[in-house]
Every structure is written in C-alpha cells, then in structure tokens.
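Novice: Here is how the chains run, residue by residue.
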Amino acid sequence: MKEKERLGFFLCECSKNISGTVDVHTIKDELQKLPGVVTAEVTNLYCSAEGKAEIIESIKNNNLTKVVIGGCSVKQHEHTFMKVLEEAGLNPYFMQLVNIREHVAWVTEDKEKATAKAMALLKAAYNRVQFHDAFEKKEIDATADVLVIGGGLAGCEAALNLAAEDRKVYLVETHPSLGGQATKYESSFPELECCSCMILPKLQEVVENPNIELLTYSDVEDVVGFFGNFTATINKKAKYVIPDKCIGCNECLEPCPVEVPNEYDDFLGKRKAIHFQVVGATPYIPVIDKENCLRFKGEDCTKCRDACMFEAINYDDQDEKMEISVGAVVLATGFESFDPTLIPNLNFSSGTEIYTALQFERLISNTGPTSGQLVKRDGSKPKSLVMVHCVGSRDKRYKNYCSNVCCSALLKMSSQILEEKMAEGIQITHLYRDMTIGSTGMENMYEKLKEEGVRFLKIPNPNDISLNQQNGQVQVTLPEKTITADMVVLATAMVPNKKAEKLIEMLMLSKDEQGFVLPTHRKIDAVSTPIEGVFVIGSANYPKDITHSIIDGAGAAGKITSELKPGKKLEVETLISTIDEEKCSGCKTCISICPYKAIGYDSEKGISIINEILCRGCGTCVVACPSNAITARHFEDITILAELGGLL
Amino acid sequence: MTETEFQPKIVAFVCNWCSYGGADIAGSKRLQVPSNVKLIRVMCSGRVDPEFVLEAFRTGADGVMILGCHPNDCHYIEGNYNALKRYTILKPLLDQFNIEQDRLYLDWVSASEGEKFARVTKEVSERITQLGPLNWKKVMDTHQSREV
Chain A
1 MKEKERLGFF LCECSKNISG TVDVHTIKDE LQKLPGVVTA EVTNLYCSAE
51 GKAEIIESIK NNNLTKVVIG GCSVKQHEHT FMKVLEEAGL NPYFMQLVNI
101 REHVAWVTED KEKATAKAMA LLKAAYNRVQ FHDAFEKKEI DATADVLVIG
151 GGLAGCEAAL NLAAEDRKVY LVETHPSLGG QATKYESSFP ELECCSCMIL
201 PKLQEVVENP NIELLTYSDV EDVVGFFGNF TATINKKAKY VIPDKCIGCN
251 ECLEPCPVEV PNEYDDFLGK RKAIHFQVVG ATPYIPVIDK ENCLRFKGED
301 CTKCRDACMF EAINYDDQDE KMEISVGAVV LATGFESFDP TLIPNLNFSS
351 GTEIYTALQF ERLISNTGPT SGQLVKRDGS KPKSLVMVHC VGSRDKRYKN
401 YCSNVCCSAL LKMSSQILEE KMAEGIQITH LYRDMTIGST GMENMYEKLK
451 EEGVRFLKIP NPNDISLNQQ NGQVQVTLPE KTITADMVVL ATAMVPNKKA
501 EKLIEMLMLS KDEQGFVLPT HRKIDAVSTP IEGVFVIGSA NYPKDITHSI
551 IDGAGAAGKI TSELKPGKKL EVETLISTID EEKCSGCKTC ISICPYKAIG
601 YDSEKGISII NEILCRGCGT CVVACPSNAI TARHFEDITI LAELGGLL
Chain B
1001 MTETEFQPKI VAFVCNWCSY GGADIAGSKR LQVPSNVKLI RVMCSGRVDP
1051 EFVLEAFRTG ADGVMILGCH PNDCHYIEGN YNALKRYTIL KPLLDQFNIE
1101 QDRLYLDWVS ASEGEKFARV TKEVSERITQ LGPLNWKKVM DTHQSREV
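Here the protein sequences line up with chains A and B, keeping their order. If you count the first sequence from 1, position 233 lands on 233 in the numbering used here, and the numbers rise without skipping. If you count the second sequence from 1, position 97 lands on 1097 in the numbering used here, and the numbers rise without skipping.
Treat the hints with care, since some could be wrong.
[What the hints assert, rightly or not] Below are the DSS-like pairs computed for lysine-lysine, each with C-alpha atoms no more than 25 Å apart in a straight line:
#1 Lys270(A) / Lys184(A)
#2 Lys450(A) / Lys1116(B)
#3 Lys1122(B) / Lys75(A)
#4 Lys1116(B) / Lys237(A)
#5 Lys383(A) / Lys450(A)
#6 Lys511(A) / Lys1009(B)
#7 Lys1009(B) / Lys28(A)
#8 Lys75(A) / Lys396(A)
#9 Lys111(A) / Lys1085(B)
#10 Lys16(A) / Lys1085(B)
#11 Lys290(A) / Lys303(A)
#12 Lys511(A) / Lys523(A)
#13 Lys458(A) / Lys523(A)
#14 Lys597(A) / Lys1085(B)
#15 Lys111(A) / Lys1122(B)
#16 Lys383(A) / Lys1122(B)
#17 Lys1122(B) / Lys523(A)
#18 Lys1009(B) / Lys137(A)
#19 Lys236(A) / Lys321(A)
#20 Lys1085(B) / Lys113(A)
#21 Lys75(A) / Lys1138(B)
#22 Lys511(A) / Lys499(A)
#23 Lys588(A) / Lys237(A)
#24 Lys421(A) / Lys450(A)
#25 Lys383(A) / Lys421(A)
#26 Lys597(A) / Lys137(A)
#27 Lys1138(B) / Lys113(A)
#28 Lys583(A) / Lys605(A)
#29 Lys588(A) / Lys1085(B)
#30 Lys137(A) / Lys202(A)
#31 Lys75(A) / Lys1085(B)
It should be emphasised that the hints constitute simulated quantities derived from the structure, not laboratory data.
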C-alpha cells in the first residue's frame, strides 16, 4: 500500500444474502491486518440510509483516503456508493465495489470456498484502489439548436416538438415540399381519412413556426463535430423562383414546353420542368428543375417568366451554401420502393398494367395523374384487379423482412375503390402469403372486404407468381391456376432511401444487413444511435406507418429536449482515454481503431489527439497503441495488473 | 495435494456491459459457478491487452477467459471484434511458450445469459483441471532451452 493511503473496508451482510455463505467476520479480521488498512467494518445493509451514514462517519472519523466495499453488483449500487463518497468529501472514484453477492455468495454452495473467493476478490480490490486517481465531472458548452434531415412526417413531428423560443430547428428537405411519401396517399388506413386534410395542417404549422428554419430543396453536404457541437454545411439548391414573390397561382406551369416523367407520381404521369411536388404541396412554390429546363440547355426560353404576373422567376438564382451550428442531428430520410424489375418473373415495366402500390396510390388519388379516376392506360375502366402482397418482402432472395405497412395499404386501397365506387362491378383479388395487419381497425376492414366479395387467395410465395402482359390484360400464373386481370398492383417492399447513404456514412452510423440505420437498441432505445447526439427516426431505421413515424419524431424530440437544454452545459463521460504527448509516435493506429472517430491527428505536433467529448472510454485504443502512450482512466494498465496480482 | 484435488486458478476478464451482467444473472438465478474462476471487470473486451493474459499466466493463472458481448451487440460497436482479432493472434503464440492453447478461452456472454456464464466457466474449469497446473518455471525453462 502506498504511503499515506488510509484504507477502509466495508463488508455488507446483505441480511443473510452474503453472510449466509461468506464468512464476512473472518474476512474482516484478515483484512484488518493488511498494511494501510485503518478500518474494516461489517454491517447488515450498507445501501440503507443507516448503512450509508455509517460509511460517511467512518470516512470522516478515520480520515480514510480510499474505500473498498464488499457487497453487490456494480450495476446495482456502484452509483449509490460513489455518491456516499462524495457526501463524505472524497472523490467518488476513490472507491471499489466488490461483488461478493452475485459473483460469490449466490453462486457458491461451499462456505469455505465462497469465503476464500471473496477474500481473493477483496484483496484484488485492495491492490487496485491504491492506483485510483481522482476524476472530476466535465462540462462543455453546447448549442441546443437541432438539425432535422428529412421533411417527411417523422421529421416534421420532430421539428415541431423541438422548436421553441430558445431552440432553433433547421429542417432540411431535399425535395421542394414537405410531407414525404405520405403526400402521395389520398387516404390513410384504417379510417380512410383524407390524408391531405390530416397532414397539411401539420405541414403548414412547420412552415409558419418562427423557430423552424425551413430549408426545402436543400441538401446536407457535410456534418462534422460531436454531441452539442456539430457544424453542418447545407446546400440550398437554386429554385429559380423567388419564394417571397410567388403566390402559387400555377400560371407558369402550362406554358412550359418541357414534359418529363413525374417522380412524385412514381413516374406514372408527366410534369413540366417548372413544377410543384404535388398539387397543394406545402410550401406551395414551384421550382425549375435545371436538368430538364431548356434555358439550361442553351435555349433562350422565357415562357414561365413571361407567364408570371409577380416577377417571381429569377433565372440567375444560384446554389447557396450555409453553415450552421447545432447540438443534435435527427436523420429522417425515409424509405423508397423496392424495384420490382429485380424479380424477373413479374415482368414489371412502365407502360403496362402492372403498377407498384405507390404508383397505384397516385392513380386513385385526386392529386394524381388521372385526378383520381381509376382507369387503365387506354382510358377504360378495369373490371378486375389483382393485388399482390409481399413483393420483394419476406424472401431471402430479395428482402428478408416484413415491410409492416403493405397488407394494410392494399386493404385500404381496396376499400377506397369500393367505397368511392371507382369502378362498378370490379372484382378485386388479393394474392397473399400471410395477412399482417396490426393496426387497430384493420381487422374490421378485412372482414368487411370479404363480405363485399373481395377474394383473398393464400399462396405459398407471391414472389413466385408469373405476370405476363397480353392484349392489354395481365395473365397471372399461380401454382395451380392462371387468372386474368385488367390491372395488377404489386405491394413492393419498403427499402432504405439510397440517397441517405452518404449521410449515414458522414454521421458514422451503422446499418443492419438490410441497409436500415441501426439504433442503439431496437426496443428500448429505438431512436438513439451509438453516435451521441445523432438520432434516427421514421422508416430510415425500419419500415413504419404514419402512426409510428410520428411517434418516432416525438420520441426523438423528447430525448433531445431532456438531454440538450438551452443555455445549459453538457456533462460528458469522465472515464475516457488520454494520450501522453511525449510517448505518442503519431503512427495513427488508434485513429483507425476508434469506433467513435474520437481520435484526430495534430499534424503540427505529429501526434494523435483524443476528443474528450466523443471518447466513451472503451479502451480498445489503449491496447492497440504500440507506444503505450494511451491510458484508460480508472482502467489503467497498472490498475488492472495490480488487481490481477491480488487475485492470484 | 493429489492430482484429483487440483483446483486451477482461472481469471476471467469480463466486459462491463454484457458478460459482467451475465455473471450477475447467474447469481440471481442461484446457479453454481466454479469458485476458482475469478472476475476482472473491464469496460470492454477490447480493453483486454494480450499482455494481461500473459501476465496472468506468468503470475500463477492456470487458465484465462475473455468474455464479451455477442457480435453486433458490443456496447462500443466493435470492441469485441478487436478482442477476437487479438485472441486469434495470441492463441497460437501460446504454443511457443509451451502453454496449451486450451488454457485461453474467448466467448460471448450476454447480460441475460446466466446459464451460459455458468456453463462456460464450468467447462473451462473442467478442461483446465484435466490439463493440470501450469508450471511457469518449467514453461520458461523449456522456452529458454529452446531459444538456445
């Protein structure tokens, strides 16, 4: 024992939980004999108010410098006893809690063996504590402002819950308007509630919120930094329309001579080069798409500007970069549709009567290419419709998961067609594997559809059917028969948004085997990520319906508001690793191994530098360092080896 | 002491988040764990320096265990993979010191796997009991004579 150290042992009986097997009194007498040990005490329950008071009194009366407690798991009471030391005026890290309950008394029948094992563990702690250093809690300045990437419903909900007088939210959306995929639906399941009526007021709230800086038609190009102190670079793409002047009168669209497939209708209809995302989009301001506009191909077309009564068109508009400081980042980049051409037997191609579910949503939507008229490409009304579930889902060859939403969406579309009498006498047939409809109210819809004559054919795997276009109809070949349909709808799997990949890499997030962002924990920490201050919500981390996307948004906002308070400093991890500048050779081995990208390189000094805020103290760099220049606080080599020595 | 009474000394390095918790669950369920297996808690299995393992053998351990989170479950994302890499390199090196490879054991024990913790500690303890004591002096003598 180091000189001047005055050590105290406190052995807990935990009623009979420990003392029933471990002879704490014999151990106490043994420990008392060790050099530097001022006191060794036994009590019934050190975690009780009386027990804690006894420790505090003993520390003060005996002028103890270090404390070893023989008791229960560190998971249960390490924190408790650290607070006890603080109350007694000692640094909380001057303590070692030895688990002689779960790891000894409860797993050892033989009393003699249990006592010997407890003794060895306590001696190891005796060796260890003399190397314990004092560590103080550290706080850093932080901004409480937040960057939300993705203006779908999850992102909007997060932004609305976060925005406050003292907290600014930057909401960045790559498309011209808010709402994401939900803006494509005419109605939602199970109530067939008008989707626009439901979501537009929420989106309008976002637009009008003075504490949300809405950056539509913008992309996040870079994010660097750490929890409390991120810096993001955003590119505001040129819209060529001045938002303050445009009133959304639509007059500019008609004159535009360019027509291209409309991505917002999943390429079902056409749009102009100057266009809105959808009719009634929020915000309702068009943009000129540079890829297709004739002016950007060298022609002197001014038709949209000529038509504008408000001088809102500005062909000289430029992309604009802005840099923002935020404390947290919320990733809400959503999903896209599985590409059905990957299943060759489905013969999917545009221009046929085979549609993806998202295309079909547009077809039966009032804001879609046929203004909600359910018609075939030749303009005739369909008499038969086949809806195929699980396309690309739940199949190892494609996507080996259930997309959660598709069964309900197909039932909803069927209800919509029948309720709104979109096609008199239409025969709807569902080809399904299992009906996966969890949401409240869906079971009633399913039963009602059956009563109304919708057929449900259970087949082994919908991905194995064959589709063939023939004379404007589709032959659907099933294992045992062939049916003919005027139209076929494929409920394609929801897959991660490919455009988010760069962001995921930039934010150093991990993906699961399907490409969805992995949260810290799928159940109990489902919107946090291992990168502190970065959150993932909505379908970016798993296929979700509107309800769960909104819940995610509110959930992430709750976490951020409780962790990042305006004007308050941020407490950071105390037990981190540190680099001895003298010993570091600048080989950068540690930089490559750190899972949190917490280590940077100081090229002037030629050494590695640990960012104290990003480091979580795992200590893997300590082992990797060939120069022994890195130390893990509280788990230094010397401390662990001292413990080892006491154990053997 | 007769051969059958030999009780090997075994040190188990356990990570704070999974395997320490697994050992706790073994306790809560009142399973039996060999009393000769003694735990050293580190924050991550990636913190276990191969030097700790060799030092354990040098100072009297007959066996060393490294227990961490399951693949993909590491609290620190990938520290357990680093532990696996180091273990894979270290294990064949033990032959060079005349230490049987079976004296070093790495496995994944989650914070709920009390049964697995009890099982692997028992298995390793039995295996090392069969191997008999590690006589470091003999090991070093053999090693040095080989070097010459």
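Novice: If a hint holds in the structure, say so; if it doesn't, say that too.
Specialist: Results for each hint:
1. At most 25 Å may separate the alpha-carbon atoms for a hinted pair to count; Lys270(A) and Lys184(A) meet this at roughly 15 Å.
2. Distance check on the hinted pair: Lys450(A) and Lys1116(B) sit about 49 Å apart at the alpha-carbon level, beyond 25 Å; violated.
3. Restraint check for Lys1122(B) and Lys75(A): the C-alpha separation of about 24 Å stays at or below 25 Å, so the hint holds.
4. Of the supplied pair hints, the one linking Lys1116(B) and Lys237(A) is violated, its CA atoms being roughly 56 Å apart against a limit of 25 Å.
5. Proposed proximity of Lys383(A) and Lys450(A) is supported: the alpha carbons are some 18 Å apart, at most 25 Å.
6. The hinted pair formed by Lys511(A) and Lys1009(B) fails the criterion: a straight-line CA distance of about 42 Å is larger than 25 Å.
7. A distance of roughly 23 Å separates the Cα atoms of Lys1009(B) and Lys28(A); the hinted pair therefore holds under the 25 Å criterion.
8. About 40 Å separates the Cα atoms of Lys75(A) and Lys396(A), which puts this hinted pair outside 25 Å; it is violated.
9. Simply put, Lys111(A) and Lys1085(B) have alpha-carbon atoms about 39 Å apart, too far for the 25 Å limit, and the pair is violated.
10. Between the alpha carbons of Lys16(A) and Lys1085(B) the distance comes to roughly 43 Å, so the proposed pair goes past 25 Å and is violated.
11. The suggested pairing of Lys290(A) with Lys303(A) holds, with an alpha-carbon distance near 15 Å, which does not exceed 25 Å.
12. Note on Lys511(A) and Lys523(A): the hinted pairing holds, with a Cα-Cα distance of about 16 Å set against a maximum of 25 Å.
13. Taking the CA atoms of Lys458(A) and Lys523(A), the gap is near 31 Å; set against the 25 Å cutoff, the hint is violated.
14. Between the alpha carbons of Lys597(A) and Lys1085(B) the distance comes to roughly 20 Å, so the proposed pair stays at or under 25 Å and holds.
15. Between Lys111(A) and Lys1122(B) the alpha-carbon distance is near 18 Å, which keeps this suggested pair within the 25 Å criterion.
16. Proximity of Lys383(A) to Lys1122(B) is assessed by CA-CA distance (about 70 Å); at most 25 Å being required, the pair is judged violated.
17. For the suggested pair Lys1122(B) and Lys523(A), the alpha carbons sit about 32 Å apart, so the restraint of at most 25 Å is broken.
18. Under the criterion of a C-alpha separation no larger than 25 Å, the hint pairing Lys1009(B) with Lys137(A) is inconsistent with the structure, at around 38 Å.
19. Straight-line distance between C-alpha atoms of Lys236(A) and Lys321(A) comes to about 6 Å, which keeps the hinted pair within the 25 Å bound.
20. Distance restraint check for Lys1085(B) and Lys113(A): the Cα-Cα separation of roughly 35 Å exceeds the 25 Å cut-off, and the hinted pair is therefore not satisfied.
21. At roughly 41 Å between alpha-carbon atoms, Lys75(A) and Lys1138(B) are farther apart than 25 Å, so this suggested pair is violated.
22. Between the alpha carbons of Lys511(A) and Lys499(A) the distance comes to roughly 14 Å, so the proposed pair stays at or under 25 Å and holds.
23. Proposed proximity of Lys588(A) and Lys237(A) is contradicted: the alpha carbons are some 38 Å apart, above 25 Å.
24. A distance of roughly 17 Å separates the Cα atoms of Lys421(A) and Lys450(A); the hinted pair therefore holds under the 25 Å criterion.
25. The suggested pairing of Lys383(A) with Lys421(A) holds, with an alpha-carbon distance near 12 Å, which does not exceed 25 Å.
26. For the hint linking Lys597(A) to Lys137(A), the alpha-carbon distance of about 22 Å falls within 25 Å, and the restraint holds.
27. For a cut-off of 25 Å, the pair hint linking Lys1138(B) to Lys113(A) is broken: about 28 Å separates their Cα positions.
28. This hinted pair checks out: Lys583(A) and Lys605(A) have alpha carbons roughly 12 Å apart, not beyond 25 Å.
29. A distance of roughly 19 Å separates the Cα atoms of Lys588(A) and Lys1085(B); the hinted pair therefore holds under the 25 Å criterion.
30. For the suggested pair Lys137(A) and Lys202(A), the alpha carbons sit about 41 Å apart, so the restraint of at most 25 Å is broken.
31. About 28 Å separates the Cα atoms of Lys75(A) and Lys1085(B), which puts this hinted pair outside 25 Å; it is violated.
Hint violations for this structure: numbers 2, 4, 6, 8, 9, 10, 13, 16, 17, 18, 20, 21, 23, 27, 30 and 31, all remaining hints satisfied.
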